[in-house]
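Chemist: The chain contents come next:
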Amino acid sequence: MSALPAPRTTESLIQIRDLKKHFPVSRGMFRAPTDFVHAVDGIDFDIAPGESLGLVGESGCGKSTTGRMLVKLMEPTNGSILFKDGDYHRDVANVSGSDMKAFRARVQMIFQDPYESMNPRRTIFDTVSEPLAVQKIGRVHEREKRVLDLLRLVGLTPPENFLFRFPHELSGGQRQRVAVARALVMNPTFVVADEPTSMLDVSIRISIMELMTKLGRELGVSYLYITHDLAVARYMCDRIAVMYLGKIVEIGPTEEILARPKHPYTKALLSAVPLPDPTIKRTPVEIKGGISKAINPGPECRFIQRCPFAAEVCRTNPHPSLEARGDRHFVACYRVEEIEAGAQPTQ
Amino acid sequence: MTQTRKALSLENLETRQIDPTKPLLEVDGLVMHYKIKAGEVSAIEDVSFTVHQGEAVGLVGESGCGKTSVALSLLRLLPSNANYLAGEIRFDGEDLLSLSGEEMRQRRWKDIAMVFQGAMNSWNPVYRVGDQIRETLDTHYRGVMTYDEQRKHMERLFSSVGLPGEMLDRYPHEFSGGMRQRAVIAMALACSPELIIADEPTTALDVIVQDQILKELKRIQLEMGMSMIYISHDIAVIAEVTDSIGVMYAGKMVEYGPTKAVFSRPRHPYTYLLLRSTPSITGPRRQLAPLEGEPPDLLNPPAGCRFHPRCPFATEQCKTEDPPWVDLGDGHKVACFDYQRVPALDEALQR
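Chains as they are written, first to last, in this note's numbering: chain A, 1 to 347; chain W, 1 to 351.
Keep in mind that the hints were calculated from the coordinates and are not lab data. Keep in mind that a hint or two might mislead.
[As the list claims (entries may be wrong)] Pairs of lysine-lysine, BS3-like flavour, derived with a Cα cap of 30 Å:
1. A:Lys288 - W:Lys218
2. W:Lys37 - A:Lys281
3. W:Lys152 - A:Lys288
4. W:Lys37 - W:Lys319
5. W:Lys260 - A:Lys281
6. W:Lys152 - A:Lys267
7. A:Lys101 - A:Lys214
8. A:Lys288 - W:Lys215
9. A:Lys281 - W:Lys215
10. A:Lys293 - A:Lys72
11. W:Lys22 - A:Lys281
12. W:Lys215 - W:Lys260
13. A:Lys267 - A:Lys293
14. A:Lys84 - A:Lys20
15. W:Lys260 - A:Lys267
16. W:Lys22 - W:Lys260
17. W:Lys22 - W:Lys110
18. W:Lys215 - A:Lys267
19. A:Lys293 - W:Lys215
[What the hints assert, rightly or not] Covered stretches of chain A (chain W as the covering partner; in silico rule of three or more C-beta atoms under 8 Å from a C-beta of chain W):
20. 197–207
21. 232–238
Glycine included, every Cβ here is placed at the ideal spot set by N, Cα and C.
With the rest of the complex left out, here is chain A (with noise of 0.2 Å):
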């Protein structure tokens, strides 16, 4: 492993090296698979204490795959997940048993869909409190009791109105609340955030964004922020990571990238992002054709395809390993340096 994205304080919260994931493509009951998809293909991050880091990239991308391996919601094909947690400190690749049980009681993830990821038959006490009672934490009155704290904590006022309503009672955005609420009512230390506003409309949406970046603070929890919309990510994130087909092309501070994005495939996703005020025109990057799927990729760059500065030397060796570029940013591109020099597209 080459220069890795140093992480902000020497003690991180989650070092994950050589992350992967393969998924079987079936070629019928009988058959043992001979192709894969390479969801996520070798990827490396840490996240700091309290720190949020943003994954933003285009559907297929390996984003979501990421944030549910990192919640063992799946098993990594290979790779490490270090978890380092006061004196809890694990490889949670291969964590099982009571073992996952201590995991999960410092992990949380809050789901995209709010009307998806509640149980409809279930109040918004049981909902909540189930982690207490899986890990069976305290008495039904002390769960109550926290129960209470949080929901007022998550801005559903008066507290008591809510908690033996049902999930269908509520709007969206109090669901996404009630959600936020269950990922933090054992005080993790790192949540994973898979979309949480995408569903929201505007103006509800900025109020949970203000509410998650809040709480954040004030508990000191470290959020992995998947989002396919670089606006919010801004807002929510104090580091960006690009990631295409597998890979992560680009990692940084949330302003550096958005103000200097250096790999060609950060260009054009940041360009094509509407802009919500009409005298402003767009410089468009073009790209070619749309995002495939990583079915037995070669070992060049995966962005070669679409890439309007590919050249032979991307073509001639293995998908280039992430380079500092900067204070704390790393691209991974051959030709960064040329087009910076303002190296004109190939094609």
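Position chain W relative to chain A; hints supplied.
Modeler: This is chain W only, laid out in the frame that chain A set:
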């Protein structure tokens, strides 16, 4: 200013002139309620706007504000519990609400076509895409085109949206999301309509594909001199593709005007807060202003201005009286008693 409107392929059948000052579609005082068990949902309440020839109009608002109901009303595709209580929808001077079912059917797709929300579900999965487009041609141009001409016409439609002609023989599942949406656009163009309604045309798509589709739509609209109605919750999309914009809240239109004017000088507090709560990737990273509260229940809409429970300026008058339309010039209109105070919101929020 007139320009020749080129029909996509039925060259000799249709060559219309467009005049950007002439209204093509006029919605005038439309009131529509859904009748449900619990009572009447006041989904569209006195909505008026005009789409001129060749113009692109955007309707924005949050979910449940009635924007899709307006779009479906234009095609009269609403379910049977929708009651039109007042108003007119005039297309080329003719009131669509008074037409018979059969007369309306003749106009759908030929005069007004629609690109539906969610391209994934707009296709029948068991028929080839080409055969589904052929169905439209069969309905509206029966006997006008031979089988081979239909095929040629469809290939031209496909190439105009950037799809290879062979894709006509494929089934919907063989298309990617972006390709399916392109095919939906091709189908909407099949009878070269004068007006296309695009309801959240790119919502389910990735940003790069979204950008390609929006550009494609814009190019086709200009080339063919079509009028467009874009419906979206995404203010940024609307900002890029429309000439005029109508902001809807809880079944009512609260502000209408040229896109540039509304974005640079929003005069309704709702428009203002909507713009201020939209994150952007450019410009300084300004504080976002959340809109407190949630949209009202349209079974029992609030009296007076429907925005008053969430409005920072609400007065006693707003709670009882309907705000009148105020003309700000250049076609910019706003329905608010206190529109002059909106610029001061900026300072109020800064504090």
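Chemist: Run every hint past the structure and note whether it holds.
Modeler: Against the structure, the hints:
For the hint pairing Lys288 of chain A with Lys218 of chain W, the CA-to-CA distance comes to about 19 Å; that is within 30 Å, so the pair holds. Straight-line distance between C-alpha atoms of Lys37 of chain W and Lys281 of chain A comes to about 49 Å, which puts the hinted pair past the 30 Å bound. Straight-line distance between C-alpha atoms of Lys152 of chain W and Lys288 of chain A comes to about 26 Å, which keeps the hinted pair within the 30 Å bound. With a CA separation close to 27 Å, the supplied pair Lys37 of chain W and Lys319 of chain W stays within the 30 Å bound.
Annotation: proposed proximity of Lys260 of chain W to Lys281 of chain A holds, straight-line Cα distance about 13 Å (limit 30 Å). Between Lys152 of chain W and Lys267 of chain A the CA atoms are separated by roughly 38 Å; this puts the pair beyond 30 Å, and the hint is violated. Taking the CA atoms of Lys101 of chain A and Lys214 of chain A, the gap is near 27 Å; set against the 30 Å cutoff, the hint holds. Our distance criterion of 30 Å between C-alpha atoms is met by Lys288 of chain A and Lys215 of chain W, whose separation comes to about 14 Å.
Between Lys281 of chain A and Lys215 of chain W, the direct Cα distance comes to roughly 13 Å. Compliance with the 30 Å bound is thereby established for this hinted pair. Among the hinted pairs, Lys293 of chain A with Lys72 of chain A is consistent with the structure: their alpha-carbon atoms are about 23 Å apart, no more than 30 Å. With a C-alpha separation of about 28 Å, the suggested pair Lys22 of chain W and Lys281 of chain A falls inside the 30 Å cut-off, and the hint holds. For the hint pairing Lys215 of chain W with Lys260 of chain W, the CA-to-CA distance comes to about 19 Å; that is within 30 Å, so the pair holds.
Proposed proximity of Lys267 of chain A and Lys293 of chain A is supported: the alpha carbons are some 21 Å apart, at most 30 Å. For the suggested pair Lys84 of chain A and Lys20 of chain A, the alpha carbons sit about 20 Å apart, so the restraint of at most 30 Å is met. This hinted pair checks out: Lys260 of chain W and Lys267 of chain A have alpha carbons roughly 27 Å apart, not beyond 30 Å. Annotation: proposed proximity of Lys22 of chain W to Lys260 of chain W holds, straight-line Cα distance about 21 Å (limit 30 Å).
In summary, the hint linking Lys22 of chain W to Lys110 of chain W is supported, as the alpha carbons are separated by about 20 Å, within the 30 Å threshold. Taking the CA atoms of Lys215 of chain W and Lys267 of chain A, the gap is about 18 Å. The hint holds against a cut of 30 Å. Taking the CA atoms of Lys293 of chain A and Lys215 of chain W, the gap is near 25 Å; set against the 30 Å cutoff, the hint holds. A stretch counts as covered by a chain when three or more of its residues have a beta carbon under 8 Å from one of that chain; for the stretch 197–207 of chain A and chain W the count is 7, and the coverage holds.
Chain W is given as covering the stretch 232–238 of chain A, and this holds because 3 residues of the stretch bring a CB closer than 8 Å to a CB of that chain, at least three being needed.
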